[in-house]
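Protein sequences, first through last, are from chains A, B, C, D, E and F. The opening position of the first sequence corresponds to residue 6 in our numbering, with each subsequent residue numbered one higher. The opening position of the second sequence corresponds to residue 6 in our numbering, with each subsequent residue numbered one higher. The opening position of the third sequence corresponds to residue 6 in our numbering, with each subsequent residue numbered one higher. The opening position of the fourth sequence corresponds to residue 6 in our numbering, with each subsequent residue numbered one higher. The opening position of the fifth sequence corresponds to residue 6 in our numbering, with each subsequent residue numbered one higher. The opening position of the sixth sequence corresponds to residue 6 in our numbering, with each subsequent residue numbered one higher.
Hints were generated in silico from the structure; no laboratory data involved. As the structure is a prediction and not an experimental result, all values here were calculated from the model. It is possible that part of the hints are untrue.
One copy or two, either will do: identical chains are not told apart, so a pair holds if it fits within one copy or between any two.
[Stated by the list, open to error] List time: in silico DSS-like cross-link candidates among lysine-lysine, alpha-carbon distance up to 27 Å:
id: 1; residue 1: K54; residue 2: K140
id: 2; residue 1: K140; residue 2: K126
id: 3; residue 1: K91; residue 2: K126
Number of protein chains: 6
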Amino acid sequence: MSLAARLLTLADRVREPRTVYAHCDIPCGIYDPEQARIEAESCYKIIQKYHDSDDPVFRDRCLLVKEDRAGLAKEHLYTLWSDHFKPPHVEQFPNVHDTFWQATKQCSQVKRSVELEDAQKLLDLIDEIDDMWKKTGGLESTRVAGRPGN
Amino acid sequence: MSLAARLLTLADRVREPRTVYAHCDIPCGIYDPEQARIEAESCYKIIQKYHDSDDPVFRDRCLLVKEDRAGLAKEHLYTLWSDHFKPPHVEQFPNVHDTFWQATKQCSQVKRSVELEDAQKLLDLIDEIDDMWKKTGGLESTRVAGRPGN
Amino acid sequence: MSLAARLLTLADRVREPRTVYAHCDIPCGIYDPEQARIEAESCYKIIQKYHDSDDPVFRDRCLLVKEDRAGLAKEHLYTLWSDHFKPPHVEQFPNVHDTFWQATKQCSQVKRSVELEDAQKLLDLIDEIDDMWKKTGGLESTRVAGRPGN
Amino acid sequence: MSLAARLLTLADRVREPRTVYAHCDIPCGIYDPEQARIEAESCYKIIQKYHDSDDPVFRDRCLLVKEDRAGLAKEHLYTLWSDHFKPPHVEQFPNVHDTFWQATKQCSQVKRSVELEDAQKLLDLIDEIDDMWKKTGGLESTRVAGRPGN
Amino acid sequence: MSLAARLLTLADRVREPRTVYAHCDIPCGIYDPEQARIEAESCYKIIQKYHDSDDPVFRDRCLLVKEDRAGLAKEHLYTLWSDHFKPPHVEQFPNVHDTFWQATKQCSQVKRSVELEDAQKLLDLIDEIDDMWKKTGGLESTRVAGRPGN
Amino acid sequence: MSLAARLLTLADRVREPRTVYAHCDIPCGIYDPEQARIEAESCYKIIQKYHDSDDPVFRDRCLLVKEDRAGLAKEHLYTLWSDHFKPPHVEQFPNVHDTFWQATKQCSQVKRSVELEDAQKLLDLIDEIDDMWKKTGGLESTRVAGRPGN
Chain A
6 MSLAARLLTL ADRVREPRTV YAHCDIPCGI YDPEQARIEA ESCYKIIQKY HDSDDPVFRD
66 RCLLVKEDRA GLAKEHLYTL WSDHFKPPHV EQFPNVHDTF WQATKQCSQV KRSVELEDAQ
126 KLLDLIDEID DMWKKTGGLE STRVAGRPGN
Chain B
6 MSLAARLLTL ADRVREPRTV YAHCDIPCGI YDPEQARIEA ESCYKIIQKY HDSDDPVFRD
66 RCLLVKEDRA GLAKEHLYTL WSDHFKPPHV EQFPNVHDTF WQATKQCSQV KRSVELEDAQ
126 KLLDLIDEID DMWKKTGGLE STRVAGRPGN
Chain C
6 MSLAARLLTL ADRVREPRTV YAHCDIPCGI YDPEQARIEA ESCYKIIQKY HDSDDPVFRD
66 RCLLVKEDRA GLAKEHLYTL WSDHFKPPHV EQFPNVHDTF WQATKQCSQV KRSVELEDAQ
126 KLLDLIDEID DMWKKTGGLE STRVAGRPGN
Chain D
6 MSLAARLLTL ADRVREPRTV YAHCDIPCGI YDPEQARIEA ESCYKIIQKY HDSDDPVFRD
66 RCLLVKEDRA GLAKEHLYTL WSDHFKPPHV EQFPNVHDTF WQATKQCSQV KRSVELEDAQ
126 KLLDLIDEID DMWKKTGGLE STRVAGRPGN
Chain E
6 MSLAARLLTL ADRVREPRTV YAHCDIPCGI YDPEQARIEA ESCYKIIQKY HDSDDPVFRD
66 RCLLVKEDRA GLAKEHLYTL WSDHFKPPHV EQFPNVHDTF WQATKQCSQV KRSVELEDAQ
126 KLLDLIDEID DMWKKTGGLE STRVAGRPGN
Chain F
6 MSLAARLLTL ADRVREPRTV YAHCDIPCGI YDPEQARIEA ESCYKIIQKY HDSDDPVFRD
66 RCLLVKEDRA GLAKEHLYTL WSDHFKPPHV EQFPNVHDTF WQATKQCSQV KRSVELEDAQ
126 KLLDLIDEID DMWKKTGGLE STRVAGRPGN
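Starting from the given sequences, assemble the full structure and let the hints guide the process.
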């Protein structure tokens with residue numbers, strides 16, 4: 006095992022005692038709102054390109070690919086909500102449930118819509134979730150080291 | 006449309022003329038090696054937890070969830086390789102093909118292995134790809150604004 | 006179009022004005038907690054059969070099939086929560102969010118567990134959701150006629 | 006284990022000796038034509054809404070979502086046919102194969118069509134299957150207790 | 006359009022009038038039992054390798070990958086059965102339904118089993134289907150030219 | 006175990022020592038470019054039928070089914086590239102990487118295009134891969150016996 010890996014392992018163990026939670030994060034404990042944001046950004050760009058084009062084949066494809074991307078954003082949000090967030094987080098941020106509910110409903114809206122504003126609203130909601138995730142220690146506790154240079 | 010959205014749209018148009026490429030990035034042009042990294046980090050943590058446990062049910066589940074996560078890392082790498090990278094990038098980084106080949110083969114190895122070193126090697130290969138992606142303008146051209154505060 | 010189909014169409018139109026909701030039920034408006042219940046029942050039976058067997062191959066397969074089935078139950082619950090339930094429902098049942106949160110977390114627990122009690126707890130939570138769904142008019146408004154003889 | 010769960014377990018064991026079949030229902034033995042019916046009802050409603058709308062974006066989405074829903078109905082029918090039905094059932098209902106063949110072909114037809122009559126014909130075929138399923142003891146032997154109040 | 010492509014197009018049109026069938030082959034008409042055979046061969050090899058190994062991690066992975074492969078074989082068989090085969094084929098081969106029923110049931114058996122004989126039996130059943138497919142003109146009418154040198 | 010199966014097992018063992026490769030073919034070693042070709046042929050036929058029709062519903066469905074089929078062709082190519090091909094093959098055919106890169110990019114092009122020529126170009130690239138696969142012993146080493154009469 007490389008030195009880096011050993012240090013990561015060690016750091017991981019030192020960081021431990023988070024036995025506060027009834028259900029630990031098994032099996033992996035890796036979560037990041039970036040996953041939902043990347044899919045939501047796809048929707049944003051697809052809507053832009055939809056309006057920039059007048060090719061009916063291209064526009065049709067925009068609708069079907071957006072349907073899938075918005076569905077993936079929804080998936081990633083669901084997982085964050087029920088797998089990452091725990092009761093103490095909800096005490097700290099009582100609007101967790103409502104924000105996720107709005108955000109997942111907004112994913113459905115982005116499926117239905119070709120308005121850039123709808124995609125922007127989804128990005129804004131994901132950024133609110135990102136903020137709660139960071140304030141509950143997300144960046145430190147749910148990634149392994151993370152992207153170099155970040 | 007909100008002001009922010011309008012500015013993003015404007016910024017996006019100003020950034021344009023990348024007509025160098027034979028195939029434009031339609032339908033969305035959003036790519037980020039973070040997607041592969043997040044799945045590879047899952048594999049890393051799953052292997053750690055596999056060794057920390059002696060519960061056979063838990064260990065079995067580690068193997069099956071890791072199989073899926075490594076498969077997702079592989080998917081994200083394939084997409085980056087054939088959808089994001091273009092001939093000029095390959096001229097700039099002649100080892101693009103080989104690095105992706107090694108990285109996707111390493112995903113298969115991570116499926117097979119319970120050695121932390123194998124997961125670390127995958128993370129290292131993804132970081133090499135991340136570096137090439139950044140040096141070919143990835144961060145600026147393939148995301149919409151990105152995570153706030155980054 | 007058959008007479009039955011025409012009557013269904015008519016009944017559907019008469020039943021209308023549900024413009025109360027911000028987001029209509031497009032694209033289909035068909036929801037039923039039975040979908041989640043059927044998958045949760047699979048988990049229940051798989052756990053029973055896991056304990057009734059001492060064949061290691063069979064027991065391994067129980068774990069991997071249960072992982073998928075509990076994942077499907079989770080999916081169906083997520084869809085009910087963010088697509089079917091609307092603000093007026095949450096006013097009527099303020100614990101909607103918490104019940105779904107518990108139920109989806111219980112799906113994760115059923116993935117991890119081989120205790121029948123965990124599967125039973127999931128069934129109980131789904132039955133609470135079923136009750137809220139019925140009391141908000143679920144059976145009448147979210148199915149087309151439904152199973153004959155029910 | 007709760008009393009209810011214990012009784013269910015007991016009931017399940019008492020109900021047993023169905024050693025008639027060469028292949029037992031492992032891994033779970035839970036089947037219900039409701040799964041196919043719910044997806045077919047989605048198709049029915051989508052076709053209604055398709056005709057009620059003149060928004061081309063909405064109509065496009067109807068086609069792509071219907072394609073998926075009809076595909077899911079097909080999946081559930083296939084599983085019922087080859088996993089639930091056993092040789093003694095085919096002796097009792099010699100048209101089992103043909104009915105499933107018609108019903109799965111009708112799923113393909115529903116993908117292709119925007120006629121309500123096609124969706125209704127699929128619902129009728131599923132109801133024929135539901136009838137055979139009930140007459141071969143489906144409701145009692147392939148669910149765990151089932152929806153409360155049914 | 007290349008000359009080869011043009012000839013293929015022409016050949017395709019000349020070959021036409023197959024208005025015998027109630028449902029034409031839309032959307033593509035490409036079918037080949039090879040798809041099911043390849044997945045079934047995977048199962049065969051996985052079972053061989055399962056027995057050649059005594060590494061518990063490897064053996065566990067064999068079971069979970071086999072589960073998926075046998076599931077894919079099943080999918081391909083279902084599609085052949087309900088999408089490719091038409092009433093005149095069933096008149097010509099009255100045992101079409103029963104052979105597919107046996108073959109899809111055998112896929113379930115291959116999921117459950119680690120006996121090479123079970124995988125071989127699935128291959129044999131697929132070869133029977135392959136024979137019926139060939140005798141109903143499969144090779145000529147359901148592929149575009151096909152693999153060079155075949 | 007049948008005699009045929011025993012002979013296959015024997016043949017498989019005799020054929021062995023291919024310890025040349027860093028990563029063995031676990032878990033199955035079954036690969037065949039036919040899988041990609043069949044999906045690419047679907048795309049070819051769908052484009053033909055798209056042009057032969059003037060029904061807007063049918064044409065819409067062509068686009069969405071083609072999107073999926075071209076995606077499956079891409080998947081099969083990725084797997085061949087990173088799982089089947091090994092360093093000695095790349096020494097023998099230095100253009101392996103580039104051919105797969107072109108072919109997977111062509112799958113994206115086929116998603117975007119309704120030109121038959123684009124589908125034909127994909128078929129041609131797959132045939133180049135088929136040729137390399139055959140010249141590296143594909144037909145003998147990566148199938149179990151194969152289709153009867155081939």
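Taking the hints in turn, this is what the structure says about them:
In the homo-oligomer, the alpha carbons of K54 and K140 lie at most 27 Å apart only across protomers (25 Å), although the nearest pairing inside one protomer, at 35 Å, exceeds that limit. Taking CA atoms no more than 27 Å apart as the test, K140 paired with K126 passes inside one copy only; the shortest distance there is 21 Å, against 31 Å between copies. Taking CA atoms no more than 27 Å apart as the test, K91 paired with K126 passes in both settings, with 25 Å inside one copy and 19 Å between copies.
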